[in-house]
Amino acid sequence: MNHPPRETPEREEVVERLRDRAKFVRLETVRLTRIAGAGHYTATFSAAELFAALYYAELRYRPEEPDWPDRDRFVLSKGHAAIGLYPILADVGFFDGALLDNYTRLGSAFGDHPDMRKVPGADFSSGSLGHGLSISVGMGLGARVQDRSFRVYCMMGDGELSEGQVWEAAMAAGQFQLGSLIGIVDRNHLSIDGNTESIMGVEPLAARFQSFGWKVHEVDGHDLDAILDVFNALDPPDVGAPQMVIADTVKGRGVQRMEGDYQWHVGNLVGEDYDDVIAEIESGLRPLVAGGADG
Amino acid sequence: MADGAREETVGQEISDVFRGSAAAADVPREKGTGKGISATSIPAFVAGETLADLGDSDPRIVVLTADLAHANRTIDFAARHPDRFFNVGVAEQNMVSIAAGLASTGLVPFAATFAAYLALLTCEQLRTDCAYTGMPVRLLAHHSGMSLGFYGTSHHALEDIAITRAIADLTVVCAADANQLRAILRRSLDWPGAMYIRLGRGRDPEVYSDVPDDFEIGKAARLREGADLTIVATGSEVRACLDAADSLAANGIEARVIDMHTVDPLDRDEILAAAAETGAILTVEEHNLAGGLGSAVAETLAEAAAGVPFRRHGVPDEHVVIGPPAALYNHYRLDAAGIDSVARDLIGAKGHHDG
Chain A
4 MNHPPRETPE REEVVERLRD RAKFVRLETV RLTRIAGAGH YTATFSAAEL
54 FAALYYAELR YRPEEPDWPD RDRFVLSKGH AAIGLYPILA DVGFFDGALL
104 DNYTRLGSAF GDHPDMRKVP GADFSSGSLG HGLSISVGMG LGARVQDRSF
154 RVYCMMGDGE LSEGQVWEAA MAAGQFQLGS LIGIVDRNHL SIDGNTESIM
204 GVEPLAARFQ SFGWKVHEVD GHDLDAILDV FNALDPPDVG APQMVIADTV
254 KGRGVQRMEG DYQWHVGNLV GEDYDDVIAE IESGLRPLVA GGADG
Chain B
-13 MADGAREETV GQEISDVFRG SAAAADVPRE KGTGKGISAT SIPAFVAGET
37 LADLGDSDPR IVVLTADLAH ANRTIDFAAR HPDRFFNVGV AEQNMVSIAA
87 GLASTGLVPF AATFAAYLAL LTCEQLRTDC AYTGMPVRLL AHHSGMSLGF
137 YGTSHHALED IAITRAIADL TVVCAADANQ LRAILRRSLD WPGAMYIRLG
187 RGRDPEVYSD VPDDFEIGKA ARLREGADLT IVATGSEVRA CLDAADSLAA
237 NGIEARVIDM HTVDPLDRDE ILAAAAETGA ILTVEEHNLA GGLGSAVAET
287 LAEAAAGVPF RRHGVPDEHV VIGPPAALYN HYRLDAAGID SVARDLIGAK
337 GHHDG
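Protein sequence lines correspond, in order, to chains A and B. Going left to right, the first sequence walks through residues 4 to 298 as this note's numbering numbers them. Going left to right, the second sequence walks through residues -13 to 341 as this note's numbering numbers them.
Derived by calculation from the structure, the hints in this document are not laboratory data. Heads up, some of the hints might be wrong.
Said to hold, decoys possible - Here are the simulated SDA-like cross-link-like pairs (lysine to any residue), alpha carbons at most 25 angstroms apart as the crow flies:
| no. | chain 1 | residue 1 | chain 2 | residue 2 |
| --- | --- | --- | --- | --- |
| 1 | A | K26 | A | K218 |
| 2 | A | K121 | B | G120 |
| 3 | A | K121 | B | A154 |
| 4 | A | K121 | A | F27 |
| 5 | A | K121 | B | R151 |
| 6 | A | K121 | B | A65 |
| 7 | A | K121 | B | D176 |
| 8 | B | K336 | B | A284 |
| 9 | A | K218 | B | N73 |
| 10 | B | K205 | B | L275 |
| 11 | B | K205 | B | D250 |
| 12 | A | K121 | B | P251 |
| 13 | A | K121 | B | E110 |
| 14 | A | K121 | B | W177 |
| 15 | A | K121 | B | G179 |
| 16 | A | K26 | A | D99 |
| 17 | A | K26 | A | I91 |
| 18 | A | K121 | B | G92 |
| 19 | A | K121 | B | A152 |
| 20 | A | K121 | A | A39 |
| 21 | A | K121 | B | C109 |
| 22 | A | K121 | B | P178 |
| 23 | A | K121 | B | T114 |
| 24 | B | K205 | B | G265 |
| 25 | A | K218 | B | G75 |
| 26 | A | K26 | A | Y59 |
| 27 | A | K26 | A | W71 |
| 28 | A | K26 | A | L291 |
| 29 | B | K336 | B | P302 |
Use the sequences and the hints to build the structure in full.
Here it is, written out as C-alpha cells:
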C-alpha cells in the first residue's frame, strides 16, 4: 500500500495514529496478561510498532469479510505475541473486543497462541516456532496458482531463526521467486535464555538471507516513519526475489524495567507494579537507557 | 501388445519379490528395478496419474513432493499440470507446512513422500499446521510399513498408524491396492480436514478389480463371509489375508475378511458385528503391534466387553531384521501362510474358549 511521503501533514497524521495504536497494543498486553496470570510482554512490546503499521496502514483486509480471498495475509510465526494481535483484530472490527475480557479462560477463543479456527482475522494458527515462513510460502504459491495479487507478510522472532525449517522455507521462497512474500524479523536480540548471539547467533543476518536469494530491508522497528518508508519501498508482488524486513527492535520496548531484559520473556505484573507500568506506557516511549541487550 | 504382455510378466515378478513367498524373494532383484515398465502395470504409480485426471476438472488440486517425483510418480501430475506442482527438494517439514499454507487459500494439496518421513519427521507439522487448523491437506505416505525392506529402519514406517490415529482431526486411511487408492483419492477431494493416506510400495497385488460404488471413507468393507472367525486387515495386508482365508477354507475354516481401510475414524459397528457373528477376531497389519489397527480394534472390543478370542498380528515391538520385503513378510508371518497359521492358533483358542 502507498503511504504518504515523509514530512507531509498526511504522513504526520498516519504516524500519530500508529503511535497511539502501538501504545494501545502495549496497554492491552498488560491488561490481558493480568487476566491470564502470565503473558509474553516483551516479545509483544518489541513488535508493537510493527503490528500497528501493518494493521492500521499496510495490510489490505475486510473485517466484515474475514475470508476475503484477495486479502493480504499476515502470519504471526512468533505466535507468542498473539496477545498483542488480538486487541488489534478486535479494534479494527473482526470481533467484539469485550470477548477479550475472557482471554485464556476456560473455553475462550483466545489462548496464548492464536487458533485460526477460533479467532476471526487470524490468517493462520501458530505457536510452534519455525513453521510460519513455510506456511507463508504456501500462501504465496496459492496466490500464484489462483492468479491473485495479495501479499503475504510473515513475522518471525530472531530466536526462532534457529529452527531449521525457517531456512528450508527461505530456500524455497528464493527458488520459487516469491516476490509476494514479505518476511519480517523482529530482531529484538533476545531469546528465552539470553542474547541470541550468546545462545545461537543469527548474524550476519542480512547477508544470510541475501545469500538465500532474498532482498533485505533493514529498519529501526520502533521508528514508524522508517517502517512506512520500507513498506513504500517494497517491490510489487510479482515474480521476483522474496523480501525480508529486518526490524531492529528492543525486547520489552516501552517499559523500562523490561527493556533488554531476557527475564521478562514471560511475566505478570500485579498491584502497584501494574499501575506504574500502565502509567509509563500511557506517557509514551522514552529514550532508551544505555546498556540494554547488546550494550 | 507383445510388449504389453511382457511388461505384465515383469510386473508380476516384482510383486512376487516384494509381496510373495520366501521362495519368490530369491528372484534376482535386478529383474525388479521397475525401469521401462508402464505406469499402469505397477499399481503404486497411479497416484500421480489419478491426480492428474482429477486435476483436469478440479482446479483446487495441487501436488507437492520432496525430491521423490519419479519414485512416487507425482511427475505424472507435474507433466500435465506443471503450474500446480511443487517439488520442495529434500525438505519434508517445509513441504507439509507449505501444503497447509496452500490449503488455507482454498486449494486441496496432496503432499507425497515416504511414510517414514511424513509420519515421523513431519509429525508435528502434520498435527499443528494441518490437523489443528482443519486444513484439507492430503498426505500421501507411500512405501509404508517395512516395504522398503533392506533399506532398514530409517526408511520403515511401522509406527505411523499409532502416531496419526492419536492426532485429533486427522483421518487415517490405508490403501490396499491401486484401484482402492484411486477411489480414496476421488473421495478425499471433499472430505473435511486433513487426511493421512497410507500406501504400500505401489507394487501391491490387486485386491479390488473394481471398487464398489458404495466405497466410503470410514466404512469398512466386508470382502469375504465366514462364520468361524473374522480377520480384520488394513492396507498392504488385505491381499495376504484374503489368500490366507482361501487356504483356511480349504481346511474347513471359514474366515470373514474385513478391509478396515479407515483406521480413524474406526468403523466400530463392523467390528462388534464381527465379534458377535463369528466369535473370534484376528487383526493383521504391517505395523508395530503397539498402537495400530490391532490396538484400535482391541479398545473397541474391550470397551464393549465383547469377550471373544482375539489376537493382534503385526510386527513385534522391535527394529526389524534386514532382508528383502518378501523375506521380511515371511519372517514375521505376515504373508498368507503366516496369517493362516496365526489364524489356526486363534481358532484353537476359540475352541478352548467355547469348551
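Hint-by-hint comparison with the structure:
1. K26(A) to K218(A): Since the Cα atoms of K26(A) and K218(A) sit roughly 31 angstroms apart, the hinted pair is violated (cutoff 25 angstroms).
2. K121(A) to G120(B): holds (11 angstroms)
3. K121(A) to A154(B): OK: K121(A) and A154(B) at ~16 angstroms, within 25 angstroms.
4. K121(A) to F27(A): OK: K121(A) and F27(A) at ~23 angstroms, within 25 angstroms.
5. K121(A) to R151(B): holds (24 angstroms)
6. K121(A) to A65(B): violated (39 angstroms)
7. K121(A) to D176(B): holds (22 angstroms)
8. K336(B) to A284(B): holds (16 angstroms)
9. K218(A) to N73(B): Distance ~23 angstroms between K218(A) and N73(B) Cα, so the pair holds.
10. K205(B) to L275(B): Holds. K205(B) to L275(B) sits at ~23 angstroms (cutoff 25 angstroms).
11. K205(B) to D250(B): At roughly 10 angstroms apart (the allowed maximum being 25 angstroms), D250(B) and K205(B) satisfy the hint.
12. K121(A) to P251(B): holds (24 angstroms)
13. K121(A) to E110(B): Given pair K121(A), E110(B) holds - Cα atoms ~20 angstroms apart, limit 25 angstroms.
14. K121(A) to W177(B): The given pair, whose Cα atoms are some 21 angstroms apart, holds under the 25 angstroms limit.
15. K121(A) to G179(B): Satisfied, since the Cα-Cα distance of roughly 15 angstroms is no more than 25 angstroms.
16. K26(A) to D99(A): holds (20 angstroms)
17. K26(A) to I91(A): Given pair K26(A), I91(A) holds - Cα atoms ~11 angstroms apart, limit 25 angstroms.
18. K121(A) to G92(B): holds (18 angstroms)
19. K121(A) to A152(B): With a Cα-Cα distance of about 22 angstroms, the restraint between K121(A) and A152(B) holds, given a limit of 25 angstroms.
20. K121(A) to A39(A): The hint holds at about 18 angstroms.
21. K121(A) to C109(B): Given that 25 angstroms is the threshold and the Cα spacing comes to 23 angstroms, the pair holds.
22. K121(A) to P178(B): Status holds; Cα separation ~17 angstroms.
23. K121(A) to T114(B): holds (15 angstroms)
24. K205(B) to G265(B): Between K205(B) and G265(B) the Cα gap is close to 21 angstroms, so the pair holds against 25 angstroms.
25. K218(A) to G75(B): holds (22 angstroms)
26. K26(A) to Y59(A): Measuring from Cα to Cα gives roughly 13 angstroms; hence the hint holds.
27. K26(A) to W71(A): Distance of about 29 angstroms is beyond 25 angstroms: violated.
28. K26(A) to L291(A): Status holds; Cα separation ~16 angstroms.
29. K336(B) to P302(B): holds (23 angstroms)
Hints 1, 6 and 27, counting from the list given before, are not met by this structure.
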